[in-house]
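Visitor: Required output: the full structure, derived from the provided sequences and hints.
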Amino acid sequence: MSRKKKNRPSGNKNEPLHQAEQNYDKDELIRLNKYIAHCGFTSRRKADDYIAAGKVKVNGEVVTQMGVKVRRTDEVVVEGQTLSLEKFVYILLNKPKDTITTTDDPRGRDTVMDKIEDATGKRVYPVGRLDRHTMGLLLLTNDGDLANRLMHPSYQVRKTYEVETLPGLKDDQIQQLAEGIELEDGPAKAHKISRTPDGFVMSIFEGRNRLVRRMVEYFDSEVTKLKRVEYAGLTLKDVKMSRWRYLRRKEINALRKMVKLDPLNFT
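Here the sequence shown stands for residues 1 to 267, numbered as in full-length UniProt numbering.
I should point out that these hints are in silico values taken from the structure, not numbers from a laboratory. Hints may be right or wrong, so weigh each one.
[Unchecked claim] Here are the computed lysine-lysine pairs in the DSSO-like style, where the Cα-Cα straight-line distance is at most 27 Å:
no., residue 1, residue 2
1, LYS189, LYS97
2, LYS57, LYS97
3, LYS122, LYS237
Guide: Okay, structure coming up:
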């Protein structure tokens, strides 16, 4: 039986792991949903759902009231799992085709977590989704606040894709994408679009489900290759397919600044 090949980070193997300490004082009060998010368990919004459902205990007592505050010395348990404030880590993965953007797959298919199995012992989560057949840039982190804001439409995070279609789109159809088309769930428009030898490159700000594929299908065409090559100013430079790297300090704080979060201090 062949052993699964492990994926190693791209770049210098001696490059230090950049992690950001959560410098909460032991007596500082933290909103419970924020604490849960900063433990990398889920976003603040979903933490509220866990609290409302009675799935959160603080020092042994079930808490269902919103706005409760805790200290880092308190014991917080969500669905039987004791949480702790971990250092934040940030990973950029060049996701290959036929890989599921989820933390686990009951059918045993490859997931993005399999691709970063050597990255960290901490719980990290994909920021948004790339469907199974879409390749390219995917962020994973345990920084719940950052992930939630990057995914929120109000922050207008730019995403750029390389697209190939069959049949190929005509010049007037490319122009229509630039001017905007009407889909079943509202208008859709390319922020920037330009031709390539095999198709086109298109930037969008929205994150609606299968948006690029549906924009192509509007013209009775089908996407044959879709790769995200840029996300929030980050690119795949020096990261080969199926490989990953840690984000650099400047990149992390640039992302946080983009979505109006305070910068982090690094160890």
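Visitor: It remains to establish, for every hint, whether it holds in the given structure.
Guide: The hints, checked one at a time:
no. : hint               : result
1   : LYS189 with LYS97  : holds (25 Å)
2   : LYS57 with LYS97   : violated (40 Å)
3   : LYS122 with LYS237 : holds (25 Å)
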